[in-house]
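Engineer: Sequences listed follow chains A and B, in order.
Each residue of the first sequence is one higher than the one before, starting from 1 at the first, in the working numbering.
Each residue of the second sequence is one higher than the one before, starting from 1001 at the first, in the working numbering.
These are calculated hints, taken from the structure and not from any lab test.
Some hints could be false.
Some but not every residue of chain B turned toward chain A, in silico, with C-beta under 10 Å [what the hints assert, rightly or not]:
#1 Glu1015
#2 Pro1034
#3 Phe1038
#4 Tyr1039
#5 Ala1043
#6 Asp1187
#7 Asp1254
#8 Tyr1258
#9 Leu1259
#10 Val1262
#11 Arg1290
#12 Pro1293
#13 Asn1307
#14 Pro1308
#15 Pro1312
Below, simulated DSSO-like cross-link-like pairs (lysine-lysine); rule was C-alpha separation at most 27 Å, straight line [claimed, not checked]:
#16 Lys52/A to Lys1014/B
#17 Lys19/A to Lys1014/B
#18 Lys1014/B to Lys47/A
#19 Lys52/A to Lys1018/B
#20 Lys1018/B to Lys1251/B
#21 Lys1295/B to Lys4/A
All values reported here derive from a predicted model rather than from experimental measurement.
Backbone N, C-alpha and C define an ideal beta-carbon position, used for all residues, glycine too.
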Amino acid sequence: MSIKVLLPTAFVRHTDGVKKVDSAATNLPGLVDDLGVKFPALGAHIKDEQGKLRPFINVYVNDEDIRFLGGESHTFEDGDEIMLIPSIAGGCV
Amino acid sequence: MSSGACAPYDLKCKECGKSYGNQPLSICDECFSPLEVFYDLDAVKGSVTRESIAAGPASIWRYRALLPIPEGFQPDLPVGFTPLVKANNLGKRLGASDIYVKNDAVCFPTLSFKDRVVAVALANARYFGFDTVGASSTGNLANSVAAQAARLGLKSCILIPADLEPAKILNTLIYGARLVRIDGNYDHVNRLCSLIADQYNWGFVNVNLRPYYAEGSKTMGYEIAEQLGWRLPDNVVVPMAGGSLIRKIKKAFDELVYLGIVEAKHVKFFGAQATGCSPITHAVKNNLERHEPQKPNTIARSLAIGNPADGPYAARLIRDTGGWGEDVSDVEVVSGIQELAETEGIFTETAGGVTTAVTAKLFAQGRIGKDETTVVCITGNGLKTTDVLQGRYDIGRAVKPRLAEFDAYLRELDGLPAEEAELVAQ
């Protein structure tokens, strides 16, 4: 079981420039923990006081927002591509 | 063109407060929250006055001292300063005695409020040395970036959802912009743009230039206050897509109060969305701290952002000011467009239909008092979304160029039987 994780440029200061990483995590809380192990500096920044992923970071599983898939309870599958992108959005008004 | 000294400004994280100076950046690298432009307003207290503003040009540049405009930038497009019209006819229909329409359907140069934000973004794009600018857009932003980039001699590359209205596509291509239609909705387009901005050295107005860009929205708030005779309204009704405009109007009002230019007043903020994409009004109605993202399904495509970046801030603002968030169906959106045109002679696009219909609903619900001063923000022009009116009007038959034929035709339109109309004609 392995997933591919793509990290945004905003993270690289805490990952020594790494933007792609493989993980064996099976769900989002597992991935947040794993990123904290792989990149201790990043772990301290992406978690809020409750140890959860900060609210402005969006998570996409194979192009789908994880919140449409069940959020933290969603189980990753082998080969999934996970993208973490800070919320910047924009649009009209 | 500036009036008086400008307030010094820089980027700070809205959540953790880290300072970033001035650079093309929109995300805090400590807590990954959005960055915002903060000003040292004390530096201009007393020098930015009603008189200094009034002495400026009839455009957003009269507020330059309160905007993040780099020193030395010479604006040459008279963007903004659109009419604020007293809407007595609409008021009669809604039972409102003091209602105004802020009419950005006629904003210069591309007929939407987006001209304001793009003007500020491109001033900064040039300052940061970008030769190509871009945007992820639901249409109006695409038009404005394309037009203003052409004027400034910058290249532009615009990404839009593939199914956008034909008029908005044409209104982008005409300026020579490179347009890329993405097979997905706005949220897909936006996500792709954040990846592109990482890879290409382009100034994306609503990605890496976003903090500056968003400040342009404040000018709508300044204009409302000035055009009301330097006073604040009781209520403002604002359409919401990303949720930025409503916040920036509030920021503008707060700054004017801080500078002593208008008297402090409690203003209620009301947000309008289409029911088919209503994450922010849903959050307001259900008292949610964070909105739940939605998959948009509405004809109001310029508001179709299912995961609005400023959603949590907008919902909080609405609640904190005692306003409300309301949404309307697509049928009501079209009725809203027609109602504003028939009562005030203002032809707005679907987003304006949303705002008008929501305003009617708020009065009907008693959430807005009928004698209070209420400003309805109309942000775009109806000529860009005529497709939603297809089949709504009968253009009638061609009439022969004779007076009798014309008389008969009018009676026919008034519903007289054909034979009787013919008799009258004879």
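Engineer: Does each hint hold? Answer for all of them.
Structural biologist: Okay, the hints, checked on the actual structure:
Taking 10 Å as the C-beta contact cut-off toward chain A, the hint placing Glu1015/B at the interface holds, the least distance being around 8 Å. The closest approach between the C-beta of Pro1034/B and any C-beta of chain A is roughly 7 Å, which is under the 10 Å cut-off, so the hint is satisfied. A cut of 10 Å between beta carbons decides the hint on Phe1038/B: the least distance to chain A is about 18 Å, and the hint is violated. Annotation: Tyr1039/B was flagged as interfacial toward chain A, and the flag is violated, the nearest CB pair being 21 Å apart, outside 10 Å.
A cut of 10 Å between beta carbons decides the hint on Ala1043/B: the least distance to chain A is about 29 Å, and the hint is violated. The criterion of a C-beta within 10 Å of any C-beta in chain A is met by Asp1187/B, whose closest approach is roughly 7 Å, and the hint holds. The restraint placing Asp1254/B at the interface with chain A is violated, with a minimum CB-CB distance near 19 Å, outside the 10 Å limit. With 10 Å as the threshold, the beta carbon of Tyr1258/B stays out of range of chain A, its nearest partner Cβ sitting at about 24 Å, so the hint is violated.
Annotation: Leu1259/B was flagged as interfacial toward chain A, and the flag is violated, the nearest CB pair being 25 Å apart, outside 10 Å. Against a cut-off of 10 Å between C-beta atoms, the interface hint on Val1262/B is violated, since the closest Cβ of chain A lies about 23 Å away. The interface hint given for Arg1290/B is met, as the beta carbon of that residue sits about 6 Å from the closest beta carbon of chain A, less than 10 Å. For Pro1293/B, the suggested interface contact is upheld, since its CB lies about 5 Å from the closest CB of chain A, less than 10 Å.
Interface restraint check for Asn1307/B: the shortest CB-CB distance to chain A comes to about 7 Å, inside 10 Å, so the restraint holds. About 6 Å separates the beta-carbon of Pro1308/B from the nearest beta-carbon of chain A, less than 10 Å, and the hint is met. Below 10 Å, beta-carbon pairs count as interface contacts, and Pro1312/B has one with chain A at about 7 Å; its hint therefore holds. Between Lys52/A and Lys1014/B, the direct Cα distance comes to roughly 19 Å. Compliance with the 27 Å bound is thereby established for this hinted pair.
For the proposed pair Lys19/A and Lys1014/B, the alpha carbon gap of about 25 Å is at most 27 Å, so the pair holds. The hinted pair formed by Lys1014/B and Lys47/A meets the criterion: a straight-line CA distance of about 17 Å does not exceed 27 Å. For a cut-off of 27 Å, the pair hint linking Lys52/A to Lys1018/B stands: about 21 Å separates their Cα positions. Restraint check for Lys1018/B and Lys1251/B: satisfied, since their Cα atoms lie roughly 20 Å apart, inside the 27 Å limit.
Our distance criterion of 27 Å between C-alpha atoms is met by Lys1295/B and Lys4/A, whose separation comes to about 25 Å.
Hints 3, 4, 5, 7, 8, 9 and 10, counting from the list given before, are not met by this structure.
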